[in-house]
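Enquirer: Spelled out, the chains give:
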Amino acid sequence: MNEFLFNSWTFGIVISIVSYQFGIFLKKKYKSPLLNPLLVSITCVILFLVAFDVDYESYYNGAKYLGYLLTPATICLAIPLYEQLDLLKKHLKAILLGVSAGVLASLSSVYLLALLFHFSHEQYVTFLPKSITTAIGISISEELGGFVTVSVVAIIITGILGNIAAEKICSICRIQEPVAKGLAIGTSSHAIGTVKAMEMGKVEGAMSSLTIAMAGIFTVFIVTFFSDLL
Amino acid sequence: MKILEQFSILFAITFFAEVIKHLLPFPIPASIYGMLLLFSVLCLGWVKLGNIQKAGGFFIEIMPIMFIPAAVGLLVSFQQLEAMFIPAVITVIVTTFVVSAVTGIVTQWVIRYERRREK
Chain D
1 MNEFLFNSWT FGIVISIVSY QFGIFLKKKY KSPLLNPLLV SITCVILFLV
51 AFDVDYESYY NGAKYLGYLL TPATICLAIP LYEQLDLLKK HLKAILLGVS
101 AGVLASLSSV YLLALLFHFS HEQYVTFLPK SITTAIGISI SEELGGFVTV
151 SVVAIIITGI LGNIAAEKIC SICRIQEPVA KGLAIGTSSH AIGTVKAMEM
201 GKVEGAMSSL TIAMAGIFTV FIVTFFSDLL
Chain H
231 MKILEQFSIL FAITFFAEVI KHLLPFPIPA SIYGMLLLFS VLCLGWVKLG
281 NIQKAGGFFI EIMPIMFIPA AVGLLVSFQQ LEAMFIPAVI TVIVTTFVVS
331 AVTGIVTQWV IRYERRREK
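Chains as they are written, first to last, in the numbering used here: chain D, 1 to 230; chain H, 231 to 349.
Among the hints, a few may not be true.
Restricting the straight-line Cα-Cα distance to at most 20 Å, the calculated cross-link-like pairs of lysine to any residue (SDA-like) are [claimed, not checked]:
no., chain 1, residue 1, chain 2, residue 2
1, D, K89, H, M293
2, H, K284, D, S139
3, D, K90, H, L272
4, D, K27, H, F315
5, D, K202, H, S307
6, D, K90, D, V203
7, D, K89, H, C273
8, D, K90, H, F315
9, D, K31, D, E199
10, D, K168, H, W339
11, H, K251, D, L69
12, H, K349, D, L87
13, D, K93, H, I292
14, D, K90, H, L274
15, H, K251, H, K232
16, D, K168, H, I320
17, D, K93, H, E344
18, D, K64, H, S307
19, D, K89, H, V271
20, H, K251, D, S139
21, D, K64, D, N7
22, H, K232, H, E248
23, D, K28, H, I292
24, D, K27, D, V203
I should point out that these hints are in silico values taken from the structure, not numbers from a laboratory.
Please work from the sequences and hints to get the whole structure.
Expert: In structure tokens, the structure reads:
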């Protein structure tokens, strides 16, 4: 069975897409924030693979092609951003300050928690890039000597968490400006959070898209300073 | 514009972005260079919004499913996290909350400060 599934490149794609549609169906039916389509689909695929004893490799052999589309898709996030060009110009100062503050908050909160939990240097640098987009995060973790696979796990979980909780966090902190909401989601939870921001509105989506590039690049520039701290 | 032409433009930009990534030494992925590239050509008017909007909208719409394969990979790489499971979970939750809150509050404060000054 595994051998057949391994050779079938459509298996991984079909199960991913069908699970996602199941997630959307559940969300429409029950309207609970915990029934996040992305979370539901990931859980369904994992349960399916475990239940039928299918290797991750057999699944990934086909599903990887979905991942390949991530580069052109991320590039396309420039489109909503361009559509909000006037807003970007108008709030440039607020955007620059907000995202810089967010990146600093990310790196310093990881630093403080690392002190609290007595992380080793390797563990510490593993978590430093956790709020930025996976591709940049991997390179940073690698360069600083972190555990790259753990960084990937942390980045993805952060993204999913942001996707689920960001709206709630914004309402708790009384963040009402759409520009501020979008930046808050994108800076904390990169592209996976941006998926949620897109649902919230055009402005939120565009601003969140912007931070994928901005927070990533800012982090590249200042992360070495933080990695020397511990 | 025909849908095939829209996809050609987007994939060509993706390819150029990969070339830029190959030539520059920074740890920045092709997707970020591509985003800057597409944004620039739109601003310069070399590519019109209508020339890529349909294909671009398609990519963005199906973007969530592209994260599923990597996330299912947690199934295999989870063991490496086990040793520091609880600190890791707390770190992820706390920082996600802190970063959202700080970014949002600072941005909102600056926007409202400027708005008050305009009046």
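Enquirer: Next step is simple, just say for each hint if it's right about the structure.
Expert: The hints, checked one at a time:
1. D:K89 - H:M293: 27 Å, violated
2. H:K284 - D:S139: Given pair K284 of chain H, S139 of chain D is violated - Cα atoms ~32 Å apart, limit 20 Å.
3. D:K90 - H:L272: 18 Å, holds
4. D:K27 - H:F315: 29 Å, violated
5. D:K202 - H:S307: 35 Å, violated
6. D:K90 - D:V203: 13 Å, holds
7. D:K89 - H:C273: 12 Å, holds
8. D:K90 - H:F315: 43 Å, violated
9. D:K31 - D:E199: Holds, because 14 Å separates the two Cα atoms, which is no more than 20 Å.
10. D:K168 - H:W339: 19 Å, holds
11. H:K251 - D:L69: 17 Å, holds
12. H:K349 - D:L87: Distance ~19 Å between K349 of chain H and L87 of chain D Cα, so the pair holds.
13. D:K93 - H:I292: Measuring from Cα to Cα gives roughly 32 Å; hence the hint is violated.
14. D:K90 - H:L274: 19 Å, holds
15. H:K251 - H:K232: Violated - the C-alpha atoms of K232 of chain H and K251 of chain H are around 29 Å apart, more than 20 Å.
16. D:K168 - H:I320: Satisfied, since the Cα-Cα distance of roughly 18 Å is no more than 20 Å.
17. D:K93 - H:E344: 10 Å, holds
18. D:K64 - H:S307: 16 Å, holds
19. D:K89 - H:V271: The hint holds at about 17 Å.
20. H:K251 - D:S139: 13 Å, holds
21. D:K64 - D:N7: 13 Å, holds
22. H:K232 - H:E248: 25 Å, violated
23. D:K28 - H:I292: Roughly 18 Å between the alpha carbons, so the hint for K28 of chain D and I292 of chain H holds.
24. D:K27 - D:V203: Between K27 of chain D and V203 of chain D the Cα gap is close to 23 Å, so the pair fails against 20 Å, i.e. violated.
Hints 1, 2, 4, 5, 8, 13, 15, 22, 24 from the earlier list are contradicted by this structure; the remaining hints agree with it.
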